[in-house]
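> All chains, full assembly: derive it from the sequences and hints.
Here is how the chains run, residue by residue.
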Amino acid sequence: MTWWRRLLRQQALERELDAELRDHIDREIADRVRAGESEADVRRQMRLTSGGLDQVKEICRDVRRPPALADLAADVRFAWRILARNGWATVGAILTLALAMGVANTTFISTYATLWRDFPFERPDRIAIMRTVDARGREAGLSYPDFEDWRRDARVFDGPSAAFAIGGISLGRDGAAPEQFEGLYVSADTFSVLRVKPALGRDFTAADDRPGAEAVAIISSNIWKSRYAASRDVLGRKVSVNGAIPARIVGVMPDGIRFIDFTDVWMPLAQMPGLAAQRRDTRPLMMIGRLPDDADLDRVRAELTPIAANLAVAHPDTNKDIRPLVNTLLEAYNSGGEMKLANATFYMPLLAAAFVLLIAAANLANLLLARAAYRSREIAIRLAIGATEWRIVRGLLIESLLLASVAWVLAVGFSWLALTIAASHAAPQLPYWRIKMDARLLTTLAAIALVTTGLFGLAPAIYASRRATANGLKEGGRLSTPPKVRRWTHALLVAQFAVTLALLNGAGLTARRFFNLYALDRNVQTSDAVTTVIRLPARTYATRNQRVAFHEQLKARLLSVPGVTASAVATAVPFSPAGRRQLTSIDGRPTTDPPPDVTTVVVEPSYFQTVVRGLVLGDSFSELHGTPGHEAAIVNQRFAEVYLGAGNPVGRHLEIRPPTAQRTYLREADGPAPPVSVAIIGVSPNIRQNRDDPVPMVYLPFRAEAPAAVSLIVRGSGGLRPIVADVRDAVNAIDPDLALGVVRTLDEIRDRSRSFTADMASQFATIGGLALVFSGVGLYSAMAYAVKRRTQEIAVRMALGAQATQVRWLFLKTGAWVITAGVILGVPAALVVGRVLQKTFVQTAARDTVTLIVTVALLATVALVASIVPARRATRLEPTAALRIE
Amino acid sequence: MPDKSDLPQGTLDLLILQVVAGGAIHGYAIAQRLQLISRDVVQVPQGSLYPALHRLENRGLLTADWKTSDTGRESKFYRLTPKGRKQLKAEAASWLRLTEAIDLILKPAGGSR
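Top line first, the protein sequences correspond to chains A and B.
Start counting the first sequence at 23; every next residue gets the next number (this note's numbering).
Start counting the second sequence at 1423; every next residue gets the next number (this note's numbering).
Just so you know, these hints were derived from the structure itself, not from any lab.
In this text the structure is predicted, and so the values were computed from the model without any measurement.
Don't be surprised by glycine CBs; every beta carbon is placed ideally from N, CA and C.
Check each hint, because a few of them may be wrong.
As the list claims (entries may be wrong) - Across the chosen pairs, the derived CB separations fall in these ranges:
1) B:A1523 to A:F100: 22 to 28 Å
2) A:D63 to B:A1523: 43 to 49 Å
3) B:A1523 to A:E400: 29 to 35 Å
4) B:T1433 to A:W102: 38 to 44 Å
The structure is reproduced here in structure tokens:
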């Protein structure tokens, strides 16, 4: 029955009831008048005896209505009135809970989105991805020869298995300007393993993936739209790839398919440079295969392990101790591999958010407990005049439910707002990263809200029903708080204080860490600088001399452009991942076995004026360095500290070996370079490279090897946009088919590299700030409530001559006690949080005395103010007025 | 006027069912009939009668229609439902059993009054 029909029916019933009762009265009057009485007398008598029509009606209504429902409506109204009467306290409790839940929800959703990304493929949890791991636990891909052996011998998969390798792919002039893209070389069956079909054109065939086959490419819908204006005649178009081979575009992928990461161009694996001659210890491939319904990853592992063992026997020099690493695609993306380390960091804000939720719950608990004491008299009265216990419990539950549901609705609103703002601001930095509300999470939050409010909301009922009714009535007269309730309140306040202390300290540590990054970043001149990547194709720039010549020509052209003040090339710009090489010996003495990896950047001499702010010691490279007989290196301060000890680093000798063949699937390998013996000619300041803390670094002169792929850094005045155009013109004037890579300013790269720490710091600051406000509010309301409750007592004391300071101390005592106990418990908790942060975030100090002292001082001040304000109010009371207040 | 006696709990329902069993009847007439038959011992005020009637109607023992009575007045007439008839039978029997039992207890053993 709809509500209005119910209403109409209700009205009809009312009318009938009225008519029936009037009929009765009229009949009685008529009868008695007939018997000789006067009508007025009869009416008066009837009013006296029957007790009024309304009362009769009310009893009749009660008969009609199902009693439980009638009471429920009354209870909801009553609960609403009670909550509304305590306006501010209720608003405070609801807002606290809502904010805390909102923060928890938002934090969880963004963490979840980062940790658990979903693929737009059919059953990504049934796609196995295979890599290798060596004896030292280092992960790498597979070499092409290994892949061929694995593919031939592994029979576990449902359908074919496939492999792919990451490589930048640039498209040359074809109406559009040459451009570099993230590319993937895929074996012919890759897309059928993924179960993805091109939206336009065709998939690769086995014929495409043969050595010597015509080069073909599939493009993403992304560049189909941006580069080719979504035109259908893109199919069959020829475009030069990587400055050399003309490839035919045969397909366009559907929207959203950019496997893997942000790939825009796919080519057959056979087109991958150097594939045919690939050694077994060059491992750029990853292999995928579909799991059949009855097989799990262990079956795959069981099948691949003996295959790998056989290869280790057959090729001991390259495959010794190489074991298969098997995950599902989902796992590999979301928790396996490189993400593993980061995971612990992701959980920190989550934990912090959970603690804020706890603080909010404690506030609510305190509010409800305080009210429990206050309301025990009301409850005792209601019990005394015949309310059942169930009725009272139900009433309190309804109150809690109201609190919880309002808070929940607000929390959902808050987090929706926060996520909308966050989503509109940040471009996705991770592939397949989507932020969305999660029904399970909202349900969990509702449960948390219900449990919190329900648990503490019921306290009054439990408390009241435990005491004899008469007792409750007696005590109610004085509104005292029973010691048990007071103990709970104080315990909750202390716990709140301690948790807040730990959270604030954590926030302080992350913030300090963030500002430390700033300090280190002053060693790099980021302003007015654009960077891009230049990849010289091996076919046209086969020799070192050709590459050196290109860059000399480019530099001359760039420096002749008005406004351009400097240019430099390096294999990696600051704040970004750089290659590593093995440091085999220092001054002729071998280092450890295996030799340590040191971060190595190959730079032009001008790098130390254009990018890094000068040298700490010694000189920069000259144009001579890097030519035979002039092998030189510059190390950073960190390198000198770690490997060279005391003494002047300049003049010491190092031997450096090319990068290990491992890990090469993450980035393209630098070209093979012979081991070099170099003399240190200078020491550079530390900058951030690879990691957020300084790592030992070696800079080598560009001229020695002239790597094919380098970053170009150009500084100039007069706006960045014209400079980018100038750079493109200069590059294409030398080589019209050469594409620039992604163009970014150095500022942008620096900010991106800070974003993780910045996010972390801001998350912690938000959470720590909320915790501070919540515990301040919690303490304040508890104190204010205590003052209100003891108004009469204070008045009596004041009337009897107590000093204001004495009265104030009465309340400050509680505040002081909470602060002391809170510090005693909170400092160790803060140290634990600091330790966890240190473990996840390298270089945060686990115990930072300044941060800790500032935190304690801040928190203690807030707590003191929160207790002084109500205490002062107590002493300002006019005794006569106070005595009259109940 | 003779003493009014309080009705034992629950007996009003039984009496009402008994009266209504005689045919469709409105509230005022029920009160009159009860008073008449009991020789003024049972006087049911509005405040007891109508809640009882509505309760019985709600429980499905009585059903009611609005009809124009002999005097040309619109009144609500109550009738027994089959369920009410069954209930009346059961309650009347149980009442009789109970009163016989009480009689037995109140009478001096084997003697006459």
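> Taking the beta carbons of A1523 of chain B and E400 of chain A, is their distance inside 29 to 35 Å?
47 Å, violated
> If you check the beta carbons of D63 of chain A and A1523 of chain B, does the distance land in 43 to 49 Å?
45 Å, holds
> Quick check: does the Cβ-Cβ distance between T1433 of chain B and W102 of chain A fall within 38 to 44 Å?
42 Å, holds
> Is the hinted range of 22 to 28 Å satisfied by the C-beta distance from A1523 of chain B to F100 of chain A?
Given a distance of about 47 Å, which is not inside 22 to 28 Å, the answer is violated.
In this structure, the earlier hints numbered 1 and 3 are contradicted, and the remaining ones agree with it.
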